[in-house]
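Add chain C to chain X, keeping to what the hints say.
Number of protein chains: 2
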Amino acid sequence: MVDELRQVPGSVTAPRGFRAGSTAAGIKSDATIKDLAVLLADVPCVAAATFTTSRTPAAPVLVCKENLATAGFRAQAVVVNSGNANCSTGEPGLADARMMAQRVGERFGIAPELVQVSSTGIIGRRLPMDKVAAGIAQVEVAADGGDALSDAILTTDTRAKKIAVEFMVDGTTVRLAGTTKGAGMIYPNMATMLCYITTDAAVEQRWLQSILRAAVNDSFNMICVDGDMSTNDTVLVMASGLAANAPLAGTTPGAAAFEAALRHVTRYLAREIARDGEGMTKLMEVRVLHAATDADARKAARSVTLSPLWQCALAGQDPNWGRILAALGASGADFAHERVAITLGQVPLVQDGLAVEFAREHAVAQMTGDEVIITVDLGAGEAAATAWGCDLTHGYIDENTLYTR
Amino acid sequence: MVDELRQVPGSVTAPRGFRAGSTAAGIKSDATIKDLAVLLADVPCVAAATFTTSRTPAAPVLVCKENLATAGFRAQAVVVNSGNANCSTGEPGLADARMMAQRVGERFGIAPELVQVSSTGIIGRRLPMDKVAAGIAQVEVAADGGDALSDAILTTDTRAKKIAVEFMVDGTTVRLAGTTKGAGMIYPNMATMLCYITTDAAVEQRWLQSILRAAVNDSFNMICVDGDMSTNDTVLVMASGLAANAPLAGTTPGAAAFEAALRHVTRYLAREIARDGEGMTKLMEVRVLHAATDADARKAARSVTLSPLWQCALAGQDPNWGRILAALGASGADFAHERVAITLGQVPLVQDGLAVEFAREHAVAQMTGDEVIITVDLGAGEAAATAWGCDLTHGYIDENTLYTR
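Protein sequence lines correspond, in order, to chains X and C. With our numbering applied, the first sequence corresponds to residues 1116 to 1520, in that order. With our numbering applied, the second sequence corresponds to residues 1116 to 1520, in that order.
Just so you know, the hints here were simulated from the structure itself, not pulled from any lab data. Yeah, the Cβ is synthetic: ideal placement off N, Cα and C, and Gly gets one too. Keep in mind that the hints are not guaranteed to be accurate.
Selected chain C positions facing chain X (in silico; Cβ < 7 Å) [what the hints assert, rightly or not]:
{"no.": "1", "residue": "Leu1120"}
{"no.": "2", "residue": "Thr1171"}
{"no.": "3", "residue": "Ala1445"}
Anything over 12 Å on all C-beta distances counts as not near chain X; from chain C, calculated [as the list claims (entries may be wrong)]:
{"no.": "4", "residue": "Arg1241"}
{"no.": "5", "residue": "Gln1253"}
{"no.": "6", "residue": "Glu1281"}
{"no.": "7", "residue": "Asp1333"}
{"no.": "8", "residue": "His1452"}
Isolated chain X, as found in the complex (with noise of 0.2 Å):
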């Protein structure tokens, strides 16, 4: 399925009837940074999104369920500022969220409960609204821009992270591309990872709801420990309908192409995600196989990318494979140890349970180049899961050390 997807250059924009644009609004304490973005759509697109399931969400992630409920799951417009996650500021802070909805519904002309609303950035500071206010009357949105958009969402990302594809459902030619920002995230407990994608196809709103859970399951939460972790993290879906598709659901033909398009999309970006994550050096990606159940097989593989101390190991090529059978042990998964198997690249370290006699050389050169594959065979059923994490470094603490200052 998805070797009939092509890529194509550009982000957001690249579906059509999609516009974007960013501008300084001033909300980063450096007034050069381009930190408010939007995101329109010509007509009103069908929408799905999925949000943190944290107890203490922000009041854009409020906002926008609102939102998205009021217009009966449509969306026209995404609004969305870094520097500040407008969370922890309680009623004045909805107000602020649902007054930046007002103000794009104004400047563009569409119904304030079609605008949907993020921030990323510091918790429990209101929002400069003046600036915020500013900064939406001033912004310009063309065909073009998607790119400003993947820029300005960014906090502690070292780069952009966006795709385009384009690909047949049913005769005609659709695109569907996604941009995301996430940096601190590997972790838990991380940053905001906010997602965008669009697409120009025609697709029914249940089902693109489910086959978005199911792709953002596999993707976006096999780099989050316990799914979706910060307060304000956000993945939305608008379908503009523009390419003019007979309406995809669960059997139509072209929908198995359209999730497969998805699930590409969703997995290349959180992929970006992890390989950007802060201070690391390489990207792991963790395949456990033969787990009992799919419970099981996605704790076991989120449980070694969480391990700080075998990712200590990974940044110094250090093939110590204790440290994954003992993040493995902890995981909760249910196995028996003496049918455990874990693989480095290509090099058998452990069978059976037992430690495989291998040239410490040759395990090394597994660990040299920028992405490091991790399998794990725990001999217990049939179920598969797949994380990404990365390496733990000096770079992620000087990060940290000092953020509010």
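Positioned in the frame of chain X, the structure of chain C alone reads:
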């Protein structure tokens, strides 16, 4: 209760009836380091223990359980080595652990099933049994040997951890003492935690097991995420009964004093482990109040101690409470955002889920010492819990990047 405790010098040989000693067996690469120790009681002791819940427990853990069952939950000796965990070593590793018990039994004239066996160090390598056997043959035990044992069990710890207390039980003076090792374990998937507790009190076995489990739950398990995470974790209590008091159980006079002493010792040792986390510069104590349930209180407290973002902020003396809030929100504990209060030392940072205006220098002043107390009020019920952790620094990275080399 605790204020009736008197601290006395020494370690696990402070109570009547215990001797200990160590030797350099050559298990560690530096042949001058003491890496094998024996604790010996004059009489068979009532024993209680808790072990790792890892799915990949080490061979000595399995042999300890086996011996406790065979001996009717009695023990007279402990043999412990550092430098090699005897984990993932299969049937040969089990035979090695059993052989250690056998050799100690022969050397000191006791049944092998009365010997408890521990190992800590690298996973996946067979023990050098010739060296282990020679070490057991040469180790000498003495009534002042507790400190030698405390030293010999260390791995990356920077100092020994031990305590001995004396208190009255129904008119009889008794002693209870403990020693432990930890270090990397402040993190999930930590290094091994071993703890040995001795007492000369006479104690009923089933009651001892029940109060040990509860004490470990509120101490060591509040510094180890998800309970017992390493492959070798062991907490063992041996009660010699040589104080000749009437055996203690649930409601006997002195039982409460004994339980308080056990809780004092386990809590002290757990804090000592947190205080000696790899690379750490600050101990954090997180007190969660007014949680809906005990489980919620524990989850919330541990979630804060285990947030690497907050750990980094702590290292940098940056009162970035948004990271505490994010950790609470992601902890899975049930509470309402608008009821949360967070206090750093004496300085309130959050009330009713909202930022309190505070002078940054006052907040920073709460973080300059080597102990930082964070109090979280969830406003959701009557449960409370305390967890301990430490900051995350470059020292941790250095310690763990190259370990097996």
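Now the hints, each set against the structure:
1. Leu1120: Violated, about 34 Å.
2. Thr1171: holds (3 Å)
3. Ala1445: holds (4 Å)
4. Arg1241: violated (9 Å)
5. Gln1253: holds (29 Å)
6. Glu1281: holds (37 Å)
7. Asp1333: holds (20 Å)
8. His1452: violated (4 Å)
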